[in-house]
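2 protein chains.
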Amino acid sequence: MKLATLADGTRDGALIVVSPDGVTFARAHHIAPTLQAALDNWEGAEPGLRSLEQMLGNGELTGEPLDPNQLLAPLPRAYEWIDGSAYLNHVRLVRKARNAEPPATLETDPLVYQGGSGTFLAPTQDIPLVDPDWGLDFEAEICVVLGDTPQGVRAEQAEPYVKLLMVCNDITLRNLIPTELKKNFGFFNSKPSTAFAPFAITPDELGAAWQDGRVHLPLSTWLNGELAGDPEAGPEMHFSFFDLIAHITKTRAFTAGTILGSGTVSNEDRERGSSCLSEKRMIEIIDGGEARTRYMGPGDRVRIEMLDEEGRSLFGAIEQVVVKA
Amino acid sequence: MKLATLADGTRDGALIVVSPDGVTFARAHHIAPTLQAALDNWEGAEPGLRSLEQMLGNGELTGEPLDPNQLLAPLPRAYEWIDGSAYLNHVRLVRKARNAEPPATLETDPLVYQGGSGTFLAPTQDIPLVDPDWGLDFEAEICVVLGDTPQGVRAEQAEPYVKLLMVCNDITLRNLIPTELKKNFGFFNSKPSTAFAPFAITPDELGAAWQDGRVHLPLSTWLNGELAGDPEAGPEMHFSFFDLIAHITKTRAFTAGTILGSGTVSNEDRERGSSCLSEKRMIEIIDGGEARTRYMGPGDRVRIEMLDEEGRSLFGAIEQVVVKA
Numbered sequence: 000m001k002l003a004t005l006a007d008g009t010r011d012g013a014l015i016v017v018s019p020d021g022v023t024f025a026r027a028h029h030i031a032p033t034l035q036a037a038l039d040n041w042e043g044a045e046p047g048l049r050s051l052e053q054m055l056g057n058g059e060l061t062g063e064p065l066d067p068n069q070l071l072a073p074l075p076r077a078y079e080w081i082d083g084s085a086y087l088n089h090v091r092l093v094r095k096a097r098n099a100e101p102p103a104t105l106e107t108d109p110l111v112y113q114g115g116s117g118t119f120l121a122p123t124q125d126i127p128l129v130d131p132d133w134g135l136d137f138e139a140e141i142c143v144v145l146g147d148t149p150q151g152v153r154a155e156q157a158e159p160y161v162k163l164l165m166v167c168n169d170i171t172l173r174n175l176i177p178t179e180l181k182k183n184f185g186f187f188n189s190k191p192s193t194a195f196a197p198f199a200i201t202p203d204e205l206g207a208a209w210q211d212g213r214v215h216l217p218l219s220t221w222l223n224g225e226l227a228g229d230p231e232a233g234p235e236m237h238f239s240f241f242d243l244i245a246h247i248t249k250t251r252a253f254t255a256g257t258i259l260g261s262g263t264v265s266n267e268d269r270e271r272g273s274s275c276l277s278e279k280r281m282i283e284i285i286d287g288g289e290a291r292t293r294y295m296g297p298g299d300r301v302r303i304e305m306l307d308e309e310g311r312s313l314f315g316a317i318e319q320v321v322v323k324a
Numbered sequence: 000m001k002l003a004t005l006a007d008g009t010r011d012g013a014l015i016v017v018s019p020d021g022v023t024f025a026r027a028h029h030i031a032p033t034l035q036a037a038l039d040n041w042e043g044a045e046p047g048l049r050s051l052e053q054m055l056g057n058g059e060l061t062g063e064p065l066d067p068n069q070l071l072a073p074l075p076r077a078y079e080w081i082d083g084s085a086y087l088n089h090v091r092l093v094r095k096a097r098n099a100e101p102p103a104t105l106e107t108d109p110l111v112y113q114g115g116s117g118t119f120l121a122p123t124q125d126i127p128l129v130d131p132d133w134g135l136d137f138e139a140e141i142c143v144v145l146g147d148t149p150q151g152v153r154a155e156q157a158e159p160y161v162k163l164l165m166v167c168n169d170i171t172l173r174n175l176i177p178t179e180l181k182k183n184f185g186f187f188n189s190k191p192s193t194a195f196a197p198f199a200i201t202p203d204e205l206g207a208a209w210q211d212g213r214v215h216l217p218l219s220t221w222l223n224g225e226l227a228g229d230p231e232a233g234p235e236m237h238f239s240f241f242d243l244i245a246h247i248t249k250t251r252a253f254t255a256g257t258i259l260g261s262g263t264v265s266n267e268d269r270e271r272g273s274s275c276l277s278e279k280r281m282i283e284i285i286d287g288g289e290a291r292t293r294y295m296g297p298g299d300r301v302r303i304e305m306l307d308e309e310g311r312s313l314f315g316a317i318e319q320v321v322v323k324a
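Protein chains in written order, with numbering that gives the first Met the number 0: chain A, 0 to 324; chain W, 0 to 324.
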C-alpha cells in the first residue's frame, strides 16, 4: 500500500491512498485525517486504508488524478527524525574528505544522529539556499517509519515496529560541518530541512526486496539530468534497520511516526556512482589530488527515485531545484 | 497564564488552563483539544484561554481541583526539542569532568544539540533506569516554546516567537557520553526522555523577571530532600534565548511547539550549588582529587522548581523517583 499527503492548506495535509500504479488517489479522511493520525491508530486504520487501495486497484473506486506537485512530505512534520549512517563506504569516504578518522567502533556500534523534524520539504519543493559557500549537498537515503516502539527492543524483535518505508533527500551543508562537529554536540545548522519522496509504502510493497531489515534494490540519484549514482541499497547496509532500532531503543521509547534513516546509500564499487557529492569529491581527491565537482548552487536540480525490478517507481520521485533564498 | 496537560488516556492529553494560584483548573477542549493544537493556532486560541484564566481567577468559574499526578508534560511529545548550553560555567565544568576542552568559540558561537522529542516524561513520572552504571544525572533547565518561526530570525527580532516558558529535567546518562561523543554525531543514547514541570506559562507571568530573553530568578533543585543548588538563571546565561533563536534559525524554519532549552542553569559562585551532579563531582575532583558524589540510582528523588519573588511556584514542581527498569 502506498500512502501520501495532499496539500490542503492545513499544517499536516490530508491523508490519501495512492492507486497501485501511482496514477490516482482516494481521500482517506474518513479513516484518518493525517498520516500521523493513521500511525497513532495503525491497527484501527490499516484495514480501511487497505480496502481503499483495493477498490482503487480493481476499479471499484475511480480515483482522482495524482499530481506530485500537490503532495507534501508523507509526514510534513514528525515527532522524531533519527538518521543512521549504516553504509560504511560512505562513512569512510566522507570522514576522509574532512580529514577525520572513522570511529574505532565503526563496525560494531551504529552511528546515528538526531535530526530536526519540524519542517520537512515536499517532494518537489525548492531547496532554499542563503549562501552558496555553505556547500549544499544532497544525500539519497531510505527511511522506515516506526509504530510505537518500547525501550529495549532487540534486533530480532524489531520487524513488527516497521510500519512504512520512505525515501529522503537528507540535505546537508557540507562546509558548515567541520566547525559544528568541532563543538562536539553533533550536527545542527549543517542539516537544514530534509525532503521526502511522495509515497510512504508498507513493507509488503517491496516483496522479496525487503529482507533482514534491508531494501535490496538500487536507489538512483540524478544531478541536472545526469545519473550521479545508483548503488544497491541492500548488501552494503552494514547495520540493518533492525540493528538501528535495537541501538536507538537502548535508553528510551519512541512514538508512532518516528522516522529512522539508513544514511547515504553507498557502494564500494565506483561504477555505481555516489548518492551525494561529497563522496564524488573525495574520490576525485584520491585519484587526482583535488575535488573538481562543485556543490549545488541556485538552478541545480536533483532527482532521487527507487524503481522495483519491473521498473515501477516505488516511492515516487524527489525532484528539487536549488533557489537563492 | 498557566497552561497544562491533563492525562485523559489519549496520547497528547487534554489542554487545561490553571488558576493563577495553581490550585484549580478549567478544561479548554472547546478552545483547543491539546496544547499543540493551541500553539498551531495561537492567535485564535490565546484570547479564549486567557478569558478562562480570568474567570478562574475572579471566581466566575469554579475550577476542578488540580492534582499534579494527573498531569502529563505540557507537550507530551513535541516536533522538536533543541537544547542549548548557554551557561558557560556548566560547559567549562562538565567538559573538564570528561577531560575535554571547551570549544574555542565558546563565547561567540552557541552550543545546541538536537534532542529526542517523541516521548517526554510527566512531571511526577518515575525515571526508569536499566543499568545504574550508566551514570544517571539530572539537569535543571528553563525552556521556551516557540510559535512558527521562520529561517533567518535575528536576535533583536526573536521575542515575539517565544509563546511559552517551561522548566525541564534534561535527564542525562553521563557514563554513556564519552563513547558517544567520540563517534562525533552528538548525543543519542546518553539522552533518555526528558521530563517537564507541570505548567507552560506565558512570558507575562514572569513580570520583570523576563528580560532580554533571560529569566531573572533562581531555579532550585533538591536531591533526596536536600538542596542541590539554586543558581540565578539570569545573569550568567551567556547566550539569551533570543541569541539561541538566531543561532538555530540560520539554516531552517521551525514549527509551532518547538521547544528550545537553556542548558543546565549554573553559577560561578559555588555557594549556589549545582543543577546537576556532574558539576558537583567536578568541583570535588578539583578540590580533593576525587568525586565523592555518586550518580542517581533506584530510590533517589529529584525535585526541580522555580519560585517567583513572592515564593509562588511558577511552573509547579518536577518530582521524580528513579526506578530500576
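None of these hints come from the bench; they were simulated from the model. C-beta atoms are modelled at their ideal positions from N, C-alpha and C, and glycine is treated no differently. Do not take every clue at face value.
[As the list claims (entries may be wrong)] Pairwise CB distance ranges, derived in the manner of DEER restraints:
no., chain 1, residue 1, chain 2, residue 2, range
1, A, 104, W, 270, 38 to 48 angstroms
2, A, 211, W, 104, 53 to 63 angstroms
3, A, 108, W, 292, 23 to 33 angstroms
4, W, 292, A, 151, 44 to 54 angstroms
5, W, 107, A, 46, 33 to 43 angstroms
6, W, 68, A, 203, 40 to 50 angstroms
7, A, 290, W, 270, 53 to 63 angstroms
8, A, 54, W, 43, 31 to 41 angstroms
9, A, 296, W, 68, 50 to 60 angstroms
10, A, 56, W, 43, 52 to 62 angstroms
Here is how each hint holds up against the structure:
1. A:104 to W:270: 38 to 48 angstroms: holds, 42 angstroms
2. A:211 to W:104: 53 to 63 angstroms: Violated, at about 43 angstroms.
3. A:108 to W:292: 23 to 33 angstroms: holds, 29 angstroms
4. W:292 to A:151: 44 to 54 angstroms: violated, 28 angstroms
5. W:107 to A:46: 33 to 43 angstroms: violated, 56 angstroms
6. W:68 to A:203: 40 to 50 angstroms: holds, 43 angstroms
7. A:290 to W:270: 53 to 63 angstroms: Given a distance of about 55 angstroms, which is inside 53 to 63 angstroms, the answer is holds.
8. A:54 to W:43: 31 to 41 angstroms: holds, 37 angstroms
9. A:296 to W:68: 50 to 60 angstroms: At roughly 56 angstroms between Cβ atoms, residue 68 (chain W) and residue 296 (chain A) fall inside 50 to 60 angstroms, so the hint holds.
10. A:56 to W:43: 52 to 62 angstroms: Since the Cβ atoms of residue 56 (chain A) and residue 43 (chain W) sit about 41 angstroms apart, the hinted range of 52 to 62 angstroms is violated.
Of the numbered hints stated above, those contradicted by the structure are hints 2, 4, 5 and 10, listed in ascending order.
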